[in-house]
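From first to last, the protein sequence lines are chains A and B. Sequential numbering from 1 applies to the first sequence in this note's numbering. Sequential numbering from 1 applies to the second sequence in this note's numbering.
Hints should not be assumed to be uniformly reliable.
Each pair may be met inside one copy or between any two copies, as identical chains are not told apart.
[What the hints assert, rightly or not] Derived pair list, reagent style DSSO-like, types lysine-lysine, alpha-carbon separation capped at 30 Å:
#1 Lys-311 - Lys-339
#2 Lys-235 - Lys-346
#3 Lys-346 - Lys-238
#4 Lys-339 - Lys-183
#5 Lys-257 - Lys-39
#6 Lys-235 - Lys-339
#7 Lys-35 - Lys-257
#8 Lys-339 - Lys-238
#9 Lys-140 - Lys-235
Hints are computed from structural coordinates only; laboratory data are not their basis. Every value quoted in this text rests on a predicted model; they were computed, and no experiment measured them.
2 protein chains.
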Amino acid sequence: SPANGNGMTLPSFPSDHVLNLEQGDPTVFESYWRKMGDKCTMVISGSELMSYISDFTSVCWFLEPALEAAVRRFHRTVGNAVVDGDRHIVVGTGSTQLYQAALYALTSPGRSEPVSVVSAAPYYSSYPDETDYLCSALYKWTGDAYAFNKTRHGPYIEVVNTPNNPDGTLREAVVKNRSDQGKLIHDLAYYWPQYTPITRPADHDIMYFTFSKSTGHAGSRIGWAIVKDREVARKMSKFVELSSLGVSKDSQQRAAKIMGVICDGYENCKSTDNSELFFDHCHQIMGNRWERLRKVVEQSEVFSLPNYPKKYCIFFGDSVEPYPAFAWMEAEEDVDTEKVLRGQIKVQGRTGRRFGVDQRYVRISMLSREDVFNHFLERLSTITSVTNGH
Amino acid sequence: SPANGNGMTLPSFPSDHVLNLEQGDPTVFESYWRKMGDKCTMVISGSELMSYISDFTSVCWFLEPALEAAVRRFHRTVGNAVVDGDRHIVVGTGSTQLYQAALYALTSPGRSEPVSVVSAAPYYSSYPDETDYLCSALYKWTGDAYAFNKTRHGPYIEVVNTPNNPDGTLREAVVKNRSDQGKLIHDLAYYWPQYTPITRPADHDIMYFTFSKSTGHAGSRIGWAIVKDREVARKMSKFVELSSLGVSKDSQQRAAKIMGVICDGYENCKSTDNSELFFDHCHQIMGNRWERLRKVVEQSEVFSLPNYPKKYCIFFGDSVEPYPAFAWMEAEEDVDTEKVLRGQIKVQGRTGRRFGVDQRYVRISMLSREDVFNHFLERLSTITSVTNGH
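So here's chain A without its partners, still in its complex pose:
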C-alpha cells in the first residue's frame, strides 16, 4: 500500500510514527478542493491531447493555449505579476525544470569558466544540487550571494526567491555594483495571497511560479515562467524541449481548469463574504496554523520563529500578516535542531545546513494535512528543553 511518509493509510499516529514535515508537500489544500466537488473535475477522453504539439507558431510550441490564457487570467485576478504587454509564457514540468531552463537560457557554451550561480543564504536547499548534478560547463553553484558580493568576481546569475524558502523573508537582489555582469532569476513560487501580502504586480525579466504552491497541485508538475525577452523565452522553451520534449498536456489542461474555477469564483462573487473562495479560505487556514504554532513555540521557550511585518495586500485590500509555507525554527547556538526534533518527538524537518546556514535552524512544512499538523503541535508542546543532538 502507498506510503507517503505521513500514513495516509494509518488510522492514527502512534507516538513512534515519524511525522514527515521535511518536504513542502501542499496537501493542506486537499480539503478545500474536496469541498469544491465536481466543479474542478477534469475529464479527458482517450483520443484527446495525443499530439506532442500545441502551437508551432508559439515561442513555446508545447504550451497549451488554454493554459496560457488561464495563467494570464490568474495573475490578472490575483495582481501578483505583470502578464500584459508582450510577456512570454513558458511552461515547465514544475518550477524545478524552469529554474534549470533559466540557467540554460542565460548562459552560452565556450566560456573559459562556468557562470557563478548564487542566492542569498538561507537559500532553497535544492538550488545547489539542481545546478551542479550534471557538472555543466555552463554554470556552477557558488553559494551564498552575500559572500559572492563581498569577495568573488566575474559573471553570475542571482536567484531571488521571494518570499524566501525557507525563511519567508521578502528578498531583493543582494549582489551590487557589477554593472552588466549579473543576471537575475526571480523564483516567486510563494508569492500568493495565502502566504504573503501581494504588495504589487511583480515585473521582473524572468520570474516563475508553480501550480504546486499556488493551488496545491504538486502531483501535476506544472510550472510557468513569465519572460520579457523573446530570445530568453525561446531558449527556455528549447531547454524544456531537450529535457523532456514538452510538458504533460493532461496536467496543463487540468491546471487551466482549476485556475479558471478560482478566477470564476472571484469574478462572480456578489457578497462581501469571500471566505469560501480559494485564497481567502487558504489564507485563513494558514493564519490559524501560524497562530497555533506561535502559541506552542512561545510556551516552549526553547525555539523561536521569525516575525513578519504586516503589509497592505492589494488582493485582500487590507493590511495582512504573512503566513509562510514553512516554519523556520531556531534554537540556541550549538543545538542541532533537526536532530532534536527527530530524536525527541519524531518529527522530520530539514536542517539549516541544507540551506547554507547553521544547524540550529530547521525548516518545518506548514502545508501538511490537518491531522499531521495537529500531531506536530501536540508533540512540539512536550519539548521543554533541548540538549545538543550530537
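Using the hints provided, position chain B relative to the given structure of chain A.
Same frame as chain A, but now just chain B:
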C-alpha cells in the same frame, strides 16, 4: 487558433500548404481511441493526485503504483520485455528524460574526461543535442558507434535503438571487445507489435519505452525504464527528482488506464477475430500505409525504401512484416532529398544529415493523421525526377 503544422483547423490542404512529416507525432492512432468512446475516459477530481509523493518506500518514490502495475501487465500481455524477477520500473517525463537519466546513472563526477556516448549511424537525431546541451563533464556525444569501435578508446555508453529510428532496422551493440569499458542503454520506443515482429521478451540491463509510441499518447509525456540493477534505478530516479521533482501524476494515471483497457481487450477476447483490438488494428493501419507508400515509391523510380524481412511474431503468433514508424527514403547520391521534397511537393521531412549520414536520405513520419498521409502520397506520386536540391 492552434497550429500544429498540419492544419487541424484547415478544411483541406491547398498544394502550397506544407505537410509536416518531420516529427514522429503519433496522431495516426487518434481515430482508434476516438472509436473506443468512454472506455478510456480519465476523470480526475479537483482534490486527487495533489501530493508530490507516490510511495516513499519505493526506489522511484514518484511512480504511481497504478502505473507500475499497468506497465508490468502491459509487457506481460505483449511479451516484448521481461518485467518479472526483481526488475525496477522508473517513470520519466517521456523517454527523452529517461535517456538522460540513464546517462546520469551510468557516469560519475571526478573523471578526467567525460564518458563517450555513441550510437550506430543513422542514429536518432535528438541523441547528440540531448547529450551535449548542458556541456556536462560526465558524458559527451561522440557520434557513430561504428567509427568509435574502429578508432576510439576509453569508457563509453552505447545507445542501442531497436527497431531503430530513423531506419527501422533491428540493432545490437556494435562496439566490441572493450571488456568492462562499455555500458549499454536500450531504447525500445518502437518495440511494439504495430511496428515490428516481437521476437522475444527483451531483457537488457536498462531499457526504456514510451507511452508516445506504444499507444500514441505523446502529449502525456510518459516514459518508463525497466532496470535490472537497483542502484542504477535509484540513480535514474534521483535524476528525475533533480530534473523535474517527479512526473505528472495525472498523466501517469491516464497511461495506466489506457494500458489497462488494451490489456483487458486481449484478455477478454473470445473470438478469433481480434481486428478491433489495439495492436491488431494499428498493425493493419501501418501495413496499409506501407503497402500504399511502397507502390508510390516503386512507380516514381526516384526513391527507394529499405526492405525488412518477415519474422515470426510471438504476439500475433504469425510471421509478420515490419512496418516502421518512419519511412527512410533514399535518393541517388548527391541529391539533397529533404530539399527536393520540400521544394517540389512541400513535404517537410528530416534530412539524413541530422542522423549522422548522407543528405540523400530523408526521414518521413508514417504516423500522421490519415488525411495528411493521403496528401503526402498524392504529392509524392507527382515526382518523376529529381534535381539536386542545392
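Indicate which option fits the pair Lys-235, Lys-346 if close means a Cα-Cα distance not exceeding 30 Å: within, between, both or neither. For Lys-235 and Lys-346, only the inter-copy Cα distance (28 Å) is at most 30 Å; the intra-copy one is 45 Å.
First find the shortest C-alpha distance between Lys-339 and Lys-183 inside one copy, then the shortest across copies, and answer within, between, both or neither for a cut-off of 30 Å. Close neither inside one copy (37 Å) nor across copies (41 Å); limit 30 Å.
When no copy is specified for Lys-311 and Lys-339, does a C-alpha distance of 30 Å or less occur within a copy, between copies, both, or neither? So Lys-311 and Lys-339 fail the 30 Å test inside a copy (35 Å) and across (62 Å) alike.
Under a CA distance limit of 30 Å, which applies to Lys-257 and Lys-39: within one copy, between copies, both, or neither? Both ways: Lys-257 and Lys-39 sit 9 Å apart in one copy and 22 Å across, limit 30 Å.
| message | I want to check one pair: Lys-35 and Lys-257. Are their C-alpha atoms no more than 30 Å apart within a copy, between two copies, both, or neither? | response | Answer is both; intra-copy 16 Å and inter-copy 26 Å each pass.
Task: Status of Lys-235 relative to Lys-140 across identical chains (alpha carbons, at most 30 Å) - done: both (19 Å within a copy, 21 Å between copies)
- Can you tell me if Lys-235 and Lys-339 fall within 30 Å by alpha carbon in one copy, between copies, both or neither? between (43 Å within a copy, 27 Å between copies)
Indicate which option fits the pair Lys-339, Lys-238 if close means a Cα-Cα distance not exceeding 30 Å: within, between, both or neither. Answer is between: at 24 Å across copies they meet the 30 Å cutoff, but 43 Å inside does not.
Q.
At most 30 Å between alpha carbons: which applies to Lys-346 and Lys-238, within, between, both or neither?
A. between (44 Å within a copy, 26 Å between copies)
When held up to the earlier numbered hints, the structure conflicts with 1, 4 and fits the remainder.
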